[in-house]
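Novice: In the working numbering, each residue carries its 1-based index in the sequence shown increased by 88.
It is worth saying that the hints were derived from the structure and are not from the lab. For every residue, glycine included, the Cβ atom is placed at its ideal position computed from N, Cα and C. Just so you know, not all the hints are guaranteed correct.
[Claimed, not checked] Derived lysine to any residue pairs resembling SDA-like cross-links, with alpha carbons at most 20 Å apart:
#1 313 - 131
#2 281 - 294
#3 313 - 122
#4 153 - 194
#5 313 - 260
#6 129 - 148
#7 293 - 113
#8 293 - 122
#9 160 - 103
#10 295 - 121
#11 136 - 114
#12 255 - 305
#13 153 - 313
#14 273 - 111
#15 153 - 201
#16 193 - 278
#17 255 - 297
#18 194 - 121
#19 298 - 136
#20 281 - 136
#21 153 - 220
#22 160 - 129
#23 293 - 306
#24 305 - 294
[Said to hold, decoys possible] Now the in silico label distances, taken between C-beta atoms and shown as ranges:
#25 277 - 207: 21 to 29 Å
#26 174 - 204: 33 to 41 Å
#27 296 - 190: 27 to 35 Å
#28 298 - 200: 34 to 42 Å
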Amino acid sequence: MEFNLSLKHLYNSISEVLLNFFLKIALYYHFGFNGTVLFYKITHQLLKPSDIIVLLQGDRLDRVKETANIYKKNIAPQIVIIGNNDLIGRGTRNDENDLHLLELKKELINKGILENSIIIEDKSFNTKDQAVHMVTLAKKNSYKRMIIVTSAYHVLRAYLSFVKSSKQQLWNGVILMCSVNLPWKRLASGRSKTAWQMFLLELEKIKKYKNDTASIKEGLEYFNKFLKI
Numbered sequence: 089m090e091f092n093l094s095l096k097h098l099y100n101s102i103s104e105v106l107l108n109f110f111l112k113i114a115l116y117y118h119f120g121f122n123g124t125v126l127f128y129k130i131t132h133q134l135l136k137p138s139d140i141i142v143l144l145q146g147d148r149l150d151r152v153k154e155t156a157n158i159y160k161k162n163i164a165p166q167i168v169i170i171g172n173n174d175l176i177g178r179g180t181r182n183d184e185n186d187l188h189l190l191e192l193k194k195e196l197i198n199k200g201i202l203e204n205s206i207i208i209e210d211k212s213f214n215t216k217d218q219a220v221h222m223v224t225l226a227k228k229n230s231y232k233r234m235i236i237v238t239s240a241y242h243v244l245r246a247y248l249s250f251v252k253s254s255k256q257q258l259w260n261g262v263i264l265m266c267s268v269n270l271p272w273k274r275l276a277s278g279r280s281k282t283a284w285q286m287f288l289l290e291l292e293k294i295k296k297y298k299n300d301t302a303s304i305k306e307g308l309e310y311f312n313k314f315l316k317i
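With these hints in hand, go ahead and build the complete structure from the sequences.
Specialist: See the structure below:
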């Protein structure tokens with residue numbers, strides 16, 4: 089029995105390594121060397137004291153645990169849950185099955201987060217909206233740095249969306265990305281696709297919605313500009 093479990097663990101580990109290699113090739117194919125460099129940089133950022141933690145709605149509860157962990161390290165005093173309560177449940181958009189924002193808030197409270205430390209922003213219907221509304225909030229409150237929590241497969245498009253909005257709104261703040269690293273073979277919660285399939289879909293979305301995102305070059309320039317702030 090133990091031997092079988094060891095074999096299964098070894099198989100899963102090898103599968104993840106191979107998938108990770110395959111996805112890097114796919115990333116290089118779509119966005120070249122600079123794309124792979126930017127993805128590495130934003131998935132290996134050291135989180136620093138910030139003004140706000142931003143939990144992007146999606147994948148049901150997959151992103152909640154990491155959000156709570158960051159808060160408990162006293163890195164930031166507040167959490168914003170950003171999304172909407174209209175496109176939730178199965179069948180409302182593609183294969184998504186998102187939770188009501190209050191459900192995410194409830195789960196954060198269950199994990200020990202103070203209720204008065206949680207803000208809900210429910211007017212965002214896509215990644216672009218989330219970026220625009222959060223940067224607007226950052227400017228209004230004079231935030232200098234914010235941490236964005238999302239799934240690893242979504243982190244590149246999310247970052248480029250926030251860079252685009254920051255440049256458009258002239259917000260000269262630091263964007264720190266925190267990617268929730270689910271096993272690539274696992275189904276993202278509330279979806280019919282695995283994390284690696286979602287990653288490939290996101291690469292296509294970056295091209296499809298190029299007017300809503302910064303370019304890879306702009307993303308690298310923004311990252312390097314604010315790296316030491």
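Novice: For every hint, state whether the structure bears it out.
Specialist: Quick rundown of the hints versus the structure:
no.	hint	verdict
1	313 - 131	17 Å, holds
2	281 - 294	18 Å, holds
3	313 - 122	16 Å, holds
4	153 - 194	12 Å, holds
5	313 - 260	10 Å, holds
6	129 - 148	26 Å, violated
7	293 - 113	17 Å, holds
8	293 - 122	18 Å, holds
9	160 - 103	33 Å, violated
10	295 - 121	16 Å, holds
11	136 - 114	31 Å, violated
12	255 - 305	13 Å, holds
13	153 - 313	30 Å, violated
14	273 - 111	12 Å, holds
15	153 - 201	11 Å, holds
16	193 - 278	18 Å, holds
17	255 - 297	17 Å, holds
18	194 - 121	42 Å, violated
19	298 - 136	29 Å, violated
20	281 - 136	33 Å, violated
21	153 - 220	25 Å, violated
22	160 - 129	24 Å, violated
23	293 - 306	17 Å, holds
24	305 - 294	13 Å, holds
25	277 - 207: 21 to 29 Å	23 Å, holds
26	174 - 204: 33 to 41 Å	26 Å, violated
27	296 - 190: 27 to 35 Å	31 Å, holds
28	298 - 200: 34 to 42 Å	41 Å, holds
Comparing the model with each numbered hint stated earlier shows that hints 6, 9, 11, 13, 18, 19, 20, 21, 22, 26 do not hold.
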